[in-house]
Amino acid sequence: MMKRFGILLAVQACLAVQAPAYAAQLHALVLGQDGKPLPNTVVVVMPEDGQLPAAKRTVEIVDQIDKEFVPYVKPVRAGSYVQFPNKDNIRHHVYSFSPPKKFELPLYSGTPSQPVLFDKPGIVKLGCNIHDWMLGYVYVTETPYFGKTGADGRVDLDQLPPGRYAARVWHPLMDGSETATIKHIDLVDATGSSVEWKLKLKTEFRPRRTPLPGEAGYR
Amino acid sequence: MTKVLALISVGVCLFGPRPAQADWGFDATAGVAYDDNVSNGLEADDRRADSAFTATASGGYYEQLGTNTGLGLSLLAETTDYLHYTGLTNIGLGARAQLRQKFGLGADAPWASISAQAMHHNYHYDYRDGWAYDATASAGKQLSERWNIRGLVRYDRYDADQLQTPVIPGISSAAYNVWGWNFGASVSFLLTADDALSAGYTWRNGTVTSVDAPDDEILEYSSAVALDPVFGTSPQMVAYRIKAKTDILSLAWSHTLGRHAAVNLAYTYSLSKTGSELGNYYSNLISLSLSYSY
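Protein sequences appear in the order of chains U and W.
If you want our numbering, it's the position in the first sequence, counting the first as 1, plus 4.
If you want our numbering, it's the position in the second sequence, counting the first as 1, plus 453.
Take these hints with a grain of salt, some might be off.
[Claimed, not checked] Taking CB as the label site, the calculated pair distances span: (1) W:Phe506 x U:Lys206: 37 to 43 angstroms; (2) U:Gln118 x W:Phe506: 49 to 55 angstroms; (3) U:Gln37 x W:Gly559: 28 to 34 angstroms; (4) U:Pro116 x W:Val640: 35 to 41 angstroms.
[As the list claims (entries may be wrong)] Calculated lysine to aspartate or glutamate pairs in the DMTMM-like style (CA-CA distance at most 20 angstroms, straight line): (5) U:Lys91 x U:Asp67; (6) U:Lys129 x W:Asp561; (7) U:Lys71 x W:Asp647; (8) W:Lys698 x W:Asp609; (9) W:Lys698 x W:Glu730; (10) W:Lys594 x U:Glu219; (11) U:Lys129 x U:Glu108; (12) U:Lys71 x W:Glu516; (13) U:Lys206 x W:Asp648; (14) U:Lys204 x U:Glu182; (15) U:Lys206 x W:Asp647; (16) U:Lys202 x U:Asp179; (17) U:Lys206 x W:Glu598; (18) U:Lys129 x W:Glu598; (19) U:Lys152 x U:Asp162; (20) U:Lys71 x U:Glu208; (21) U:Lys91 x U:Glu72; (22) U:Lys106 x W:Asp561; (23) U:Lys91 x W:Glu516; (24) U:Lys71 x W:Asp561; (25) U:Lys105 x U:Glu64; (26) U:Lys204 x W:Asp647.
[Said to hold, decoys possible] Pulled from the structure, derived: some chain U residues nowhere near chain W, Cβ distances all over 10 angstroms: (27) Tyr85; (28) Pro119; (29) Thr147; (30) Asp160; (31) Thr183; (32) Ile186; (33) Val192; (34) Val199.
Everything labelled a hint here was simulated from the structure, so no lab data went into it.
Treat the numbers as computed from the prediction; the structure is a model and nothing was measured.
C-beta atoms are modelled at their ideal positions from N, C-alpha and C, and glycine is treated no differently.
Chain W on its own, in the form it takes in the complex:
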């Protein structure tokens, strides 16, 4: 109930009486994704691959506060519908605020922005339900008519709504409560008038959740452990939280279809290094989506 009231409050703030000249916008994407390690498993036996249908929508308005400063407020919705591991299927509802400052006149003037986002995720497996928050500071510049660069610093956090009874006395069951500091940079290049290529690298330092069959090493290095039946119950698997430094490499191609739409192909490689005997966790994610922006 509290969540619903919170979202309604945000909605009232966003869509209540607005200045007549607010710049209303709507963005949506729909696509498919394949992840070769949705469980973020360590051992080959525990690594589970799955495909999903994905959709996102956001709507809101942008208000130019001054000559170079603008505020964007948006409501967000997204869903990821997994084909096999349906416990991961979830719907997210949230809101984002972004304050953007441009330093000068023209398309190649540098800009900086700060944004905050909160989204509640409702999973088929209820213990994964929770709020995802992030706060981001980013900056960018168009280097030429074809090249753009940007960088960001982001803090992300996930807080589950409810916790299981601890399965191991003395160890928290908040296995899905994770946080991380992210430092990233990306570059994009217009290959043709309609085709953009982008590449990015993000370094994340924080905690991650993994699902594996439990063993002594996992339990030794985990700060939280909870039962997780999403990937099966025989053997019984557990979700556990560990500290990790993650390298995230991303590549994307985007082809515009007219003024408002684009088709996007993206690849992301993540490598989480625990710095302990547990070793490294990695995943490959490929997605294809159609996006619309108005």
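Chain U on its own, in the form it takes in the complex:
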């Protein structure tokens, strides 16, 4: 009898340290104003009680492939490092003027020896000083609960502690503020909640990769 009681206590103790016993899920869908799925949209959920787990120092990757940043949008948690390996057989010169992280990686090939620390939340716009059309974004967020939509406009966030959240989205071309997209969501069980955004987009004007007629371009 005492032995069974002891086993029950041990099981209860194990369950207690794994609390919460379930993790909530958020199924996000982001569409453009035309109703088509919108990839490369960052979905962020922030616990309204402000309780965030301690940040882990991770190293994320933003490649340069065929004279483009890959991925185009990279969400990371504040405190993360980002490595910028150059997979092209030429040199790139990566920079950002964005206030959350101003930096410059002058002419390099291969992988820079030191990754770049992104420790302030915000949007960091990337460029290459040789290939002006190259454009990419690092979205730095204070919460570990984020994701990026795929080609189907969807992203699932799981392992969320049950609670009330403020969910918001960001896309490089969204017309309007990120704050205006905030939706308050109660995540109470493991079945998950679905939330949908429809974003109005602006036109992206990039320097042209194909030279204009009569111009030689950068080379």
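Following the hints, position chain W against chain U.
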């Protein structure tokens, strides 16, 4: 033979052992063009219109010499194939070098470049064969994400390979040997993410070649005269070289097709003013082309 050796030498320089991280590139265009005055004729009777198939190709590499300085070396090829006046049909082979300097960091940093180009043209009408040279200094700046401006100063020159026996004693037959100083400015505007409009103006001061039926006025003001059968021999026409100040207005629309290609529609109006009794020469050129850049 000398021309071939010269081009081979340039090719060896370009495509010999290169730094492993040179940025190789290839550009090509193919299209059609219509010119309402290919003869650059003065009188209505002498103005000849024609259409042509055009193609250009260039390949080479770009080497970033320093943080803000780059050198581009390219081999060039082009052809213009006229439908009616086949004597104007020609193939050009040449090379270009461009040194480009950017003044600062970012897409909107101003830049300047100097370039030199030489191309040999081989025409169906052999007396037009020759070398075209130009040296250009240009500068530009992206004013905003949609607006770009640029300006240039260019010296151009054409030297024919061979000269006819002078048809008029005491007057040179180097009618195709022309030169000019060009001062130009252009602006481009991104209408949409894929559509760019550009407009430019160039003022050229130099000499031009025209083909007309000869008369006393033409002979009086010409510095060179040669027989030119390209536009027919009855009546006998002559190519002649005169001094002129030319206004060149250009408008273009370009629509990108994916990352590497674009379709382009361009219009150019040229007005050459002789400042003499000869009057003015003008032409309208419209072209449609598909371009690829890798």
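Taking the hints in turn, this is what the structure says about them:
1. A C-beta distance of roughly 40 angstroms is found between W:Phe506 and U:Lys206, which places it inside the suggested range of 37 to 43 angstroms.
2. With their beta carbons about 54 angstroms apart, U:Gln118 and W:Phe506 fall inside the hinted range of 49 to 55 angstroms.
3. Distance hint check for U:Gln37 and W:Gly559: the Cβ-Cβ separation is about 30 angstroms, which falls inside the suggested range of 28 to 34 angstroms.
4. For U:Pro116 and W:Val640, the Cβ-Cβ distance of about 38 angstroms falls inside the hinted range of 35 to 41 angstroms, so the restraint holds.
5. As the CA atoms of U:Lys91 and U:Asp67 are separated by approximately 7 angstroms, the hinted pair is consistent with the 20 angstroms bound.
6. Between U:Lys129 and W:Asp561, the direct Cα distance comes to roughly 14 angstroms. Compliance with the 20 angstroms bound is thereby established for this hinted pair.
7. With a C-alpha separation of about 18 angstroms, the suggested pairing of U:Lys71 with W:Asp647 holds against the 20 angstroms cut-off.
8. For the hint linking W:Lys698 to W:Asp609, the alpha-carbon distance of about 14 angstroms falls within 20 angstroms, and the restraint holds.
9. Only pairs whose Cα atoms come within 20 angstroms are accepted, and W:Lys698 paired with W:Glu730 is accepted, the gap being roughly 14 angstroms.
10. A C-alpha spacing of about 14 angstroms is found between W:Lys594 and U:Glu219, which places the hinted pair at or below 20 angstroms, so the restraint holds.
11. Straight-line distance between C-alpha atoms of U:Lys129 and U:Glu108 comes to about 12 angstroms, which keeps the hinted pair within the 20 angstroms bound.
12. For the given pair, U:Lys71 sits about 15 angstroms from W:Glu516 by alpha-carbon distance, which is consistent with the 20 angstroms threshold.
13. Of the pairs offered as hints, the one joining U:Lys206 and W:Asp648 holds, with about 15 angstroms between alpha carbons and a cut-off of 20 angstroms not exceeded.
14. The hinted pair formed by U:Lys204 and U:Glu182 meets the criterion: a straight-line CA distance of about 12 angstroms does not exceed 20 angstroms.
15. Among the hinted pairs, U:Lys206 with W:Asp647 is consistent with the structure: their alpha-carbon atoms are about 14 angstroms apart, no more than 20 angstroms.
16. Of the supplied pair hints, the one linking U:Lys202 and U:Asp179 holds, its CA atoms being roughly 11 angstroms apart against a limit of 20 angstroms.
17. This hinted pair checks out: U:Lys206 and W:Glu598 have alpha carbons roughly 13 angstroms apart, not beyond 20 angstroms.
18. A C-alpha spacing of about 14 angstroms is found between U:Lys129 and W:Glu598, which places the hinted pair at or below 20 angstroms, so the restraint holds.
19. A threshold of 20 angstroms between alpha carbons decides the hint, and for U:Lys152 with U:Asp162 the separation of about 13 angstroms falls inside it, so the pair holds.
20. At most 20 angstroms may separate the alpha-carbon atoms for a hinted pair to count; U:Lys71 and U:Glu208 meet this at roughly 18 angstroms.
21. The straight-line distance between the Cα atoms of U:Lys91 and U:Glu72 is roughly 10 angstroms, inside the 20 angstroms bound, and the hint therefore holds.
22. Distance check on the hinted pair: U:Lys106 and W:Asp561 sit about 17 angstroms apart at the alpha-carbon level, within 20 angstroms; holds.
23. At roughly 17 angstroms between alpha-carbon atoms, U:Lys91 and W:Glu516 fall within 20 angstroms of each other, so this suggested pair holds.
24. In summary, the hint linking U:Lys71 to W:Asp561 is supported, as the alpha carbons are separated by about 18 angstroms, within the 20 angstroms threshold.
25. Under the criterion of a C-alpha separation no larger than 20 angstroms, the hint pairing U:Lys105 with U:Glu64 is consistent with the structure, at around 15 angstroms.
26. Of the supplied pair hints, the one linking U:Lys204 and W:Asp647 holds, its CA atoms being roughly 19 angstroms apart against a limit of 20 angstroms.
27. No Cβ of chain W approaches the Cβ of U:Tyr85 within 10 angstroms, the least distance being about 22 angstroms, so the stated non-interface status holds.
28. Separation of U:Pro119 from chain W is adequate, the least Cβ-Cβ distance of about 20 angstroms exceeding the 10 angstroms criterion.
29. Even its closest Cβ contact with chain W, about 31 angstroms, leaves U:Thr147 beyond 10 angstroms, as expected for a residue assigned away from the interface.
30. The beta carbon of U:Asp160 is kept farther than 10 angstroms from every beta carbon of chain W, the shortest such distance being approximately 30 angstroms.
31. The beta carbon of U:Thr183 is kept farther than 10 angstroms from every beta carbon of chain W, the shortest such distance being approximately 24 angstroms.
32. With 10 angstroms as the threshold on Cβ separation, the claim that U:Ile186 sits away from chain W holds: the shortest Cβ distance comes to roughly 28 angstroms.
33. With 10 angstroms as the threshold on Cβ separation, the claim that U:Val192 sits away from chain W holds: the shortest Cβ distance comes to roughly 43 angstroms.
34. At roughly 29 angstroms, the least C-beta separation between U:Val199 and chain W is larger than 10 angstroms, which holds for a residue marked as non-interface.
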